[in-house]
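Novice: Top to bottom, those sequences are chains A and B.
Residue numbering for the first sequence follows the working numbering, starting at 1 and increasing by one per position.
Residue numbering for the second sequence follows the working numbering, starting at 1001 and increasing by one per position.
Hint data in this document are derived by calculation from the structure and do not stem from the laboratory.
Be aware that a few hints might be false.
[To be verified] Per the computed footprint, the stretches of chain A lying under chain B, defined by three or more beta-carbons under 8 Å from a beta-carbon of chain B, are: (1) 145–156; (2) 298–304.
[Unchecked claim] Mimicking SDA-like on lysine to any residue, the simulated pairs with C-alpha atoms at most 20 Å apart in a straight line are: (3) B:1243 <-> A:261; (4) B:1305 <-> B:1321; (5) B:1269 <-> A:113; (6) A:286 <-> A:261.
Even glycine gets a Cβ: it sits at the ideal position worked out from N, Cα and C.
So you can see what is in the structure, the chains are spelled out below.
Protein chains: 2
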Amino acid sequence: MSLDHAASKPHDRLAAALTDEMDAVNVLIRDRMASEHAPRIPEVTAHLVEAGGKRLRPMLTLAAAKMCGYGGPYHVHLAATVEFIHTATLLHDDVVDESAQRRGRPTANLLWDNTSSVLVGDYLFARSFQLMVETGSLRVLDILANASATIAEGEVLQLTAASDLATSEAVYLQIVRGKTAALFSAALEVGGVIAQQDEALVKALYDYGDALGIGFQIVDDLLDYSGTDAIGKDVGDDFRERKLTLPVIKAVALADATERAFWVRTIEKGRQEDGDLQTALGLLVKHGTLDATKSDALAWMEKAKAALAPLPDHPIKLMLLDLADYVVARIK
Amino acid sequence: MSLDHAASKPHDRLAAALTDEMDAVNVLIRDRMASEHAPRIPEVTAHLVEAGGKRLRPMLTLAAAKMCGYGGPYHVHLAATVEFIHTATLLHDDVVDESAQRRGRPTANLLWDNTSSVLVGDYLFARSFQLMVETGSLRVLDILANASATIAEGEVLQLTAASDLATSEAVYLQIVRGKTAALFSAALEVGGVIAQQDEALVKALYDYGDALGIGFQIVDDLLDYSGTDAIGKDVGDDFRERKLTLPVIKAVALADATERAFWVRTIEKGRQEDGDLQTALGLLVKHGTLDATKSDALAWMEKAKAALAPLPDHPIKLMLLDLADYVVARIK
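Only chain A is shown next, with the shape it has when bound in the complex (with noise of 0.2 Å):
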């Protein structure tokens, strides 16, 4: 990939414009997830935290905290608060998934274990924890406490829901909320909260949040059924894996007699045979709900944008802008 290029990445510009306190965050993340006492601690995180994620998450805090016009400290803190409570959601989630590669490297349970996974994850969650404390800010608490619920129950629902072809669009909505949204729109909010803005402004940062994070998600799944692109995972994945996501339960909720009986079988009771996939694609496209997973896909980056109206001009908020374009691009 050229420089130029890369440049022309929303993602990379964001980066750009918060060199230096992305710099700081890494520097605070290396400094609180090593351990005096256990040293597998910061092998595991290392492994994890040094394989080059694009500490989006992050970024989504400096920035709301920097177009906010925040001069203290501790939008480090929270920006680092975030990243680890991303990445001990990861390691619990390699635990749940059983899967072999996360960021095109082996898993952190596969090189070590299950345990190790469970355990570091725990401890990141307890460090982001000291960090927040640190800020001094009981709303900030308040805010990823109540994230971390959203997060932990979202990934519940979806053990129960996900290969349940009663699952609605609601349903759906709120698993996707816990996997991605939820942690999104805290990491912008509790930006605008340290900068003591207004509630009007506070909303706006949740508001895009959740929209980009729901949008980012829905692509995501799409891309399962349509991609080529995507790193690191193989279209199908959530058909073999039984995981009903938003194209499969439009296509449920549309399917006749002889659909319906499809499904069941290879979502539900899991008898999945060769050709299966391509039938399902086949039933995708005839009623259609590949597009219109995009329409709901592009109406949330348009929630995203809008939301955005009540902040002030700042190079950052066009940037924040291009970025929810640009998700959706990879589905254009």
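With chain A held as given, fit chain B onto it using these hints.
Specialist: Coordinates of chain B only, in the frame set by chain A:
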């Protein structure tokens, strides 16, 4: 067990003295472990929360607050917080230990699966955090965030140190603080903090909990080699699971070359044969490490009782003194 006998136990006298408060805690626990969206959550937690654990930790919080004359509502929140943190760690421990029994019932991860144990534990941890935020006390949040980090760190340390013959008594103590003492001491400390006691009394409560927890765990580890009444635990479990505990650590320090080779084979390499447990017990007796461990437990309990000296006379103070004696009475 007769009621008279039951009434003689300090734990039961504490429960009787705190009936109203514990009722309020139980109501709050039931309310907060519910989930609007994910019915799996109360299924898993009810299994644990209703399983009739002793609720020792929340009682310690209530006891501290009552001794300190606290008149507000938040001791109930803090007691529920402490029980949620404890329950979350039990759920994650079940995954770590792959243990089949907890409190005489099948563990949640056998009734459901590892994933439910991990995610519902995360949910309870997030809920505990919300309860703390409601108290409005950053000091309380700080104490329980630090305790949570110590717990997770101790568990990770145990993963790597438990089968390593180089593990010292100092490392064992660190593990024990994580496994047991950190939550005991925090449970008591937050009871004093919420009652706005001066620092000397808060420290006294912390020190009592720390020593009680360490003594409690040493007794537990000793009973694994010498006990008959350990519920749901067979003699020699720690040996079979290759967990270095204090009696063995002391015996390894005194081992000759042949004995050391035995410990290397059985604990470090885990190549155990019939008769090894008897040989191990023989080495503990030969070096007097069961008696030495017992002396350590007694010393910690004396330290616990001495710590309470600065607290004013109160019926609950007498029960806490008796509780320390009761814990070591199991090995006398």
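Novice: If a hint holds in the structure, say so; if it does not, say that too.
Specialist: Going through the hints against the structure:
1. Evaluation of the coverage hint for the stretch 145–156 of chain A: fulfilled, as 10 residues show C-beta separations to chain B shorter than 8 Å, against a requirement of three.
2. Given as covered by chain B, the stretch 298–304 of chain A fails the check, having 0 residues with a CB less than 8 Å from a CB of that chain where 3 are the minimum.
3. Only pairs whose Cα atoms come within 20 Å are accepted, and residue 1243 of chain B paired with residue 261 of chain A is rejected, the gap being roughly 51 Å.
4. A hinted pair counts as satisfied when its Cα atoms are at most 20 Å apart, and residue 1305 of chain B with residue 1321 of chain B qualifies at roughly 6 Å.
5. Under the criterion of a C-alpha separation no larger than 20 Å, the hint pairing residue 1269 of chain B with residue 113 of chain A is consistent with the structure, at around 18 Å.
6. Of the pairs offered as hints, the one joining residue 286 of chain A and residue 261 of chain A holds, with about 16 Å between alpha carbons and a cut-off of 20 Å not exceeded.
In summary, the numbered hints that this structure violates are 2 and 3.
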